[in-house]
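Student: Can you make the complete structure from the sequences, with help from the hints?
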Amino acid sequence: MPETLTPVPETAASPPAGESGPGRPSLAARVAAHHLLWPVLALAVLLAVNVAASPSFLEVRMQDGHLFGSVIDILRNSAPVMLVATGMTLVIATRGIDLSVGAIAAIAGAIACTQIAGAADQGAAGAAIIACTTALAVCVLLGLWNGFLVAVVGIQPIIATLVLMVAGRGLAMLVTDGQITTVNNDTFSALASGFVLTLPIALVIALGVVGLTALLTRRTALGMLIEAVGINPEASRLAGVRSRTIIWTVYVFAGLCAGIAGLVIAANTSSVNANSLGLWIELDAILAVVIGGTSLAGGRFSLAGTLVGAIFIATLARTIPTIGIPSEANYLFKAVVVILVCLLQSPRARASLRSALTPRSAKGATA
Amino acid sequence: MSTTTVTRPSVAPSGPTPGRGGEPSTWERVRTWAPSSRYLPVLTTAALFLGMFGVGGLRYEGFTDPQVFLSLLLDNSFLIVLAVGMTFVILTGGIDLSVGSNVALSTVIAAKTLEMGWSPYLSVVAVLLCGTLLGTLMGLLIHYFDIQPFIATLAGMFLARGLCYLISVDSIPITNPTFQEWAYKTVDLPGGYYVGYTSLVALGTVAIAALVLARTRFGRTVYAIGGNESSAMLMGLRVAATKVGVYAISGFCASFAGLLFALYTLSGYSLNAVGMELDAIAAVVIGGTLLTGGRGYVVGSLFGVLVLGVIQTFISFDGTLSSWWTRISIGLLVLVFVVVQRLMTRRQS
Numbered sequence: 001m002p003e004t005l006t007p008v009p010e011t012a013a014s015p016p017a018g019e020s021g022p023g024r025p026s027l028a029a030r031v032a033a034h035h036l037l038w039p040v041l042a043l044a045v046l047l048a049v050n051v052a053a054s055p056s057f058l059e060v061r062m063q064d065g066h067l068f069g070s071v072i073d074i075l076r077n078s079a080p081v082m083l084v085a086t087g088m089t090l091v092i093a094t095r096g097i098d099l100s101v102g103a104i105a106a107i108a109g110a111i112a113c114t115q116i117a118g119a120a121d122q123g124a125a126g127a128a129i130i131a132c133t134t135a136l137a138v139c140v141l142l143g144l145w146n147g148f149l150v151a152v153v154g155i156q157p158i159i160a161t162l163v164l165m166v167a168g169r170g171l172a173m174l175v176t177d178g179q180i181t182t183v184n185n186d187t188f189s190a191l192a193s194g195f196v197l198t199l200p201i202a203l204v205i206a207l208g209v210v211g212l213t214a215l216l217t218r219r220t221a222l223g224m225l226i227e228a229v230g231i232n233p234e235a236s237r238l239a240g241v242r243s244r245t246i247i248w249t250v251y252v253f254a255g256l257c258a259g260i261a262g263l264v265i266a267a268n269t270s271s272v273n274a275n276s277l278g279l280w281i282e283l284d285a286i287l288a289v290v291i292g293g294t295s296l297a298g299g300r301f302s303l304a305g306t307l308v309g310a311i312f313i314a315t316l317a318r319t320i321p322t323i324g325i326p327s328e329a330n331y332l333f334k335a336v337v338v339i340l341v342c343l344l345q346s347p348r349a350r351a352s353l354r355s356a357l358t359p360r361s362a363k364g365a366t367a
Numbered sequence: 368m369s370t371t372t373v374t375r376p377s378v379a380p381s382g383p384t385p386g387r388g389g390e391p392s393t394w395e396r397v398r399t400w401a402p403s404s405r406y407l408p409v410l411t412t413a414a415l416f417l418g419m420f421g422v423g424g425l426r427y428e429g430f431t432d433p434q435v436f437l438s439l440l441l442d443n444s445f446l447i448v449l450a451v452g453m454t455f456v457i458l459t460g461g462i463d464l465s466v467g468s469n470v471a472l473s474t475v476i477a478a479k480t481l482e483m484g485w486s487p488y489l490s491v492v493a494v495l496l497c498g499t500l501l502g503t504l505m506g507l508l509i510h511y512f513d514i515q516p517f518i519a520t521l522a523g524m525f526l527a528r529g530l531c532y533l534i535s536v537d538s539i540p541i542t543n544p545t546f547q548e549w550a551y552k553t554v555d556l557p558g559g560y561y562v563g564y565t566s567l568v569a570l571g572t573v574a575i576a577a578l579v580l581a582r583t584r585f586g587r588t589v590y591a592i593g594g595n596e597s598s599a600m601l602m603g604l605r606v607a608a609t610k611v612g613v614y615a616i617s618g619f620c621a622s623f624a625g626l627l628f629a630l631y632t633l634s635g636y637s638l639n640a641v642g643m644e645l646d647a648i649a650a651v652v653i654g655g656t657l658l659t660g661g662r663g664y665v666v667g668s669l670f671g672v673l674v675l676g677v678i679q680t681f682i683s684f685d686g687t688l689s690s691w692w693t694r695i696s697i698g699l700l701v702l703v704f705v706v707v708q709r710l711m712t713r714r715q716s
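Keeping their order, the protein sequence lines are chains A and B.
Residues in the first sequence are numbered from 1 upward in steps of one, following the numbering used here.
Residues in the second sequence are numbered from 368 upward in steps of one, following the numbering used here.
Check each hint, because a few of them may be wrong.
As the list claims (entries may be wrong) - Beyond 12 angstroms from chain A on every Cβ pair, some chain B residues (computed):
#1 Pro402
#2 Leu417
#3 Glu428
#4 Gln515
#5 Ala522
#6 Cys531
#7 Glu548
#8 Trp691
#9 Val705
#10 Arg709
Unchecked claim - Across the chosen pairs, the derived CB separations fall in these ranges:
#11 Thr431/B - Thr134/A: 41 to 49 angstroms
#12 Arg244/A - Leu710/B: 16 to 24 angstroms
#13 Thr134/A - Thr583/B: 36 to 44 angstroms
#14 Tyr406/B - Glu234/A: 28 to 36 angstroms
Since the hints were made in silico from the structure, they are not lab data.
Glycine residues also receive a C-beta, built at the ideal position from the N, C-alpha and C atoms.
Tutor: Structure (C-alpha cells):
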C-alpha cells in the first residue's frame with residue numbers, strides 16, 4: 001500500500017475533496033489508488049461531453065411504466081458487450097484470450113433464428129425458448145472445443161480461438177444457408193426490446209450474468225483459483241489447483257456468454273446476418289476488459305471495471321454522433337482509447353510520464 | 368559410379384583418403400537424400416498444394432490448365448504480399464492485426480489522392496509512406512512501452528479503419544489511366560498464356576523477402592528474436608531496431624498489398640479487406656511458420672496463400688459449394704497445422 005500512495009500528491013488534485021491526513025491513507029488517497037478511478041473518470045468525462053452537447057442527455061422519464069432516456073438506451077446497447085466482456089474477463093484472467101466470441105455469437109443467433117423460423121408455430125413462446133436453449137447448448141459445445149484446444153492440446157489461446165474465429169462465420173452461414181433469416185416471434189424479440197421491472201430485459205440479463213459471475217468468483221474461492229492459474233498454471237497445478245479444469249471452464253463460460261450476447265443482438269433486429277452479427281465484438285469486449293483495468297498479462301481481474309468499460313464503449317458510440325462527428329469515426333476514437341489505456345497501464349510509460357510531470361504538476365486528469 | 372559405392376566401406380576404416388572415402392558419391396547422396404527437418408513444413412505445404420491441384424485436375428476439367436495457376440497468382444497477389452509482411456512479424460513471435468485495415472486505408476488513400484488529381488507516382492509514395500508510418504508507430508509502442516503486439520496492432524486496426532471512414536464512407540472508383548494500365552498490363556508467355564504484372568511484383572516481393580531473411584544480419588536477428596528475445600538482447604543484437612523494423616515492414620507490405628488490391632478492384636473502399644488479416648495469418652500458419660516465432664520461411668507463406676487460393680478455385684470450379692465453405696476449410700486447415708506444430712514442438716522439448 002505505501003508504495004502506491006507515493007504518487008498521490010500529483011494525481012489527487014481531481015478527486016472529490018477530502019482531508020489528506022499525514023499518517024493514514026485518507027479518503028482522497030484511497031480514491032486515487034482505487035483501480036476503478038481512471039475508468040470511472042473517463043466515463044464521467046464522456047458523460048460531461050454529452051451533457052454539454054445536449055443538456056437533456058441525462059433526463060430519464062417514465063413512460064408506460066418503462067424507463068426511457070438516452071442513458072437507458074446506452075445501458076441497453078451495452079448489454080451484448082457487457083455479456084461477452086464478462087466471459088472475456090475470466091478468460092483473460094487466466095492469461096488467455098478468446099477471439100472466437102464474435103463467431104460464436106453469430107452461430108448462436110443463426111441457430112436460434114433458423115430454429116424459430118422452422119418451428120410449426122413461429123410466434124409461440126415455446127419455440128423461442130427451445131430455439132434459445134439449443135443455441136446456448138451449441139455455444140457451450142463450442143466453448144468446450146476452445147477449452148479443449150487450449151487446456152488439453154496446449155495451443156496458445158490466441159491461435160486456438162483463431163481457428164473458430166475463421167471457421168465460425170462459415171459455420172453460421174452454413175446454418176442459415178447464407179440467407180438473412182428474419183423471424184417473427186414476440187418472446188424472442190422481447191429479449192432485446194422488452195422491459196421487466198421498468199428496465200430493459202437485455203440489461204437485466206447482462207447485469208444478472210455479471211452479478212452471478214461476481215458472486216461466484218468473489219464469494220467463493222473460484223476467483224482466487226482463476227487468478228492463481230493466470231499467474232502460473234504450472235505452479236498452481238503443483239499446489240493442487242486443477243488448472244486444466246479451470247482453464248477449460250472459463251472458455252466454456254466465455255462461449256456461453258457470447259451465445260447469450262448473440263441471442264440479444266439477433267433479437268434486437270429479429271433477424272440474423274451471419275456475416276455481420278457480432279462482427280468485431282471480440283475486440284470491443286477485449287477493449288472493455290482492458291479499460292476496466294484487467295491486465296492482459298493475466299492473474300488479476302475486475303468485473304466491476306469490465307462493466308464500466310462496456311458502458312464506456314456504448315457511451316462512446318453514442319457520443320460521437322452527438323458531437324457532430326460521423327459515427328463511422330468511432331473506430332478512430334476507440335484506437336485512441338486503446339492506446340491511452342495501454343500507455344497508462346504500461347510501467348515504462350508511467351515512469352517516463354512521471355519524470356516528465358514532476359517539474360510542473362498542474363496537468364493531467366483528463367487522460 | 369557404383370564401384371565407388373562398393374569400395375567405400377573398405378576404404379573408410381583404413382584412413383581418410385580425401386576426395387574418395389571422406390565424401391559420399393553423388394549417387395549415394397541422391398539415394399540417401401532426405402530433406403532437412405527445417406524444410407519439412409514448407410515441403411509439406413508445397414506437397415499439399417500440388418496434391419490439391421492434382422485432385423482438382425482429376426475432378427474438374429481444365430483445372431490443371433497453367434492459366435488457372437497463373438490466375439491464382441493474379442487473384443491472390445495482394446494476399447501474397449500481405450503474408451510476406453506477416454511472416455516477418457510472426458517470425459519474431461508477434462502478430463499484426465492491423466494489416467486488413469491498412470489495406471483498406473491504402474486503397475482509400477490511393478483512390479482519394481488520384482481523385483484529387485495527384486500524380487499516380489506521388490499517390491503511390493503517399494500510400495506507402497502512410498502504411499509504413501502506421502507500422503513503425505505500432506512497432507515503437509510494442510517495443511518501447513511493452514504493449515502486447517496483439518493490443519497495439521488492434522489499436523492500429525481501429526485507427527486505420529477509422530481513418531478510412533474519415534476520408535470517405537463511399538467507394539471511390541479509380542479512373543486514372545496510369546493505374547488502369549498497371550492493372551491490366553500482362554506479360555505474354557509462350558502457348559498463349561499470360562501473367563499479370565501484379566503477380567510478378569508479388570513474386571518479386573517474396574524473392575526479396577526470402578533474400579533478406581536468409582542472407583542479411585537483419586534477417587538473422589529476426590530469427591534470433593523469435594527464438595529467444597532475451598538471449599538475442601544479451602548477445603548484443605539490435606533487438607529494438609529489428610523489432611520496430613519488422614512492424615514497419617509489415618506496414619509497408621500491407622500498404623503495398625493495398626495498392627495491388629486497389630489495382631485489382633480499381634477502387635478504394637473503406638469496407639475493403641475486412642478479415643483479410645485472418646487470411647494472412649492463416650496463410651503464414653499453413654506455410655509452416657511457427658507461431659511462437661523463430662522458425663519458418665517466406666516461401667512457405669507463398670504456398671500457404673496458394674493453398675487458400677486453390678480452395679477458392681475448387682469452390683468456383685465445383686459450382687455447387689457455397690463460398691462459406693472457404694472459411695470453414697481454411698479454419699480446418701489452420702487447425703490441422705497448428706495441432707501438428709504443437710505436436711512437433713512438444714516432441715522436441
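Student: Far enough from chain A: is every CB of that chain over 12 angstroms from the CB of Glu548/B?
Tutor: Holds, since 33 angstroms exceeds 12 angstroms.
Student: Find the nearest Cβ of chain A to the Cβ of Val705/B and say whether that gap is larger than 12 angstroms.
Tutor: violated (6 angstroms)
Student: Confirm or reject: Trp691/B is not an interface residue toward chain A, with every Cβ-Cβ distance exceeding 12 angstroms.
Tutor: Trp691/B is in fact no farther than 12 angstroms from some Cβ atom of chain A, at 4 angstroms.
Student: Does the no-contact call for Glu428/B survive, Cβ to all of chain A over 12 angstroms?
Tutor: holds (27 angstroms)
Student: Any Cβ of chain A at or closer than 12 angstroms to Pro402/B, or is the non-interface label fine?
Tutor: At roughly 25 angstroms from the nearest Cβ of chain A, Pro402/B sits farther out than 12 angstroms, so the non-interface label holds.
Student: Is 28 to 36 angstroms respected by the C-beta to C-beta distance linking Tyr406/B and Glu234/A?
Tutor: Since the Cβ atoms of Tyr406/B and Glu234/A sit about 33 angstroms apart, the hinted range of 28 to 36 angstroms holds.
Student: With 12 angstroms as the threshold, tell me whether Leu417/B passes as away from chain A on beta-carbon distances.
Tutor: holds (24 angstroms)
Student: Quick check for students: does the CB of Gln515/B sit more than 12 angstroms from each CB in chain A?
Tutor: violated (6 angstroms)
Student: Confirm or reject the statement that Arg709/B sits farther than 12 angstroms, beta carbon to beta carbon, from all of chain A.
Tutor: Nearest chain A Cβ is 5 angstroms from Arg709/B, so the label is violated.
Student: Assuming the hint says 16 to 24 angstroms, is it satisfied by the Cβ distance from Arg244/A to Leu710/B or not?
Tutor: Holds, since Arg244/A and Leu710/B (Cβ atoms, about 18 angstroms apart) stay within the stated range.
Student: With d taken as the least Cβ-Cβ distance between Ala522/B and chain A, does d exceed 12 angstroms?
Tutor: violated (4 angstroms)
Student: Falls inside 36 to 44 angstroms, the C-beta gap from Thr134/A to Thr583/B?
Tutor: violated (56 angstroms)
When the structure is compared with the earlier hints, violations turn up for hints 4, 5, 6, 8, 9, 10, 13 and for no others.
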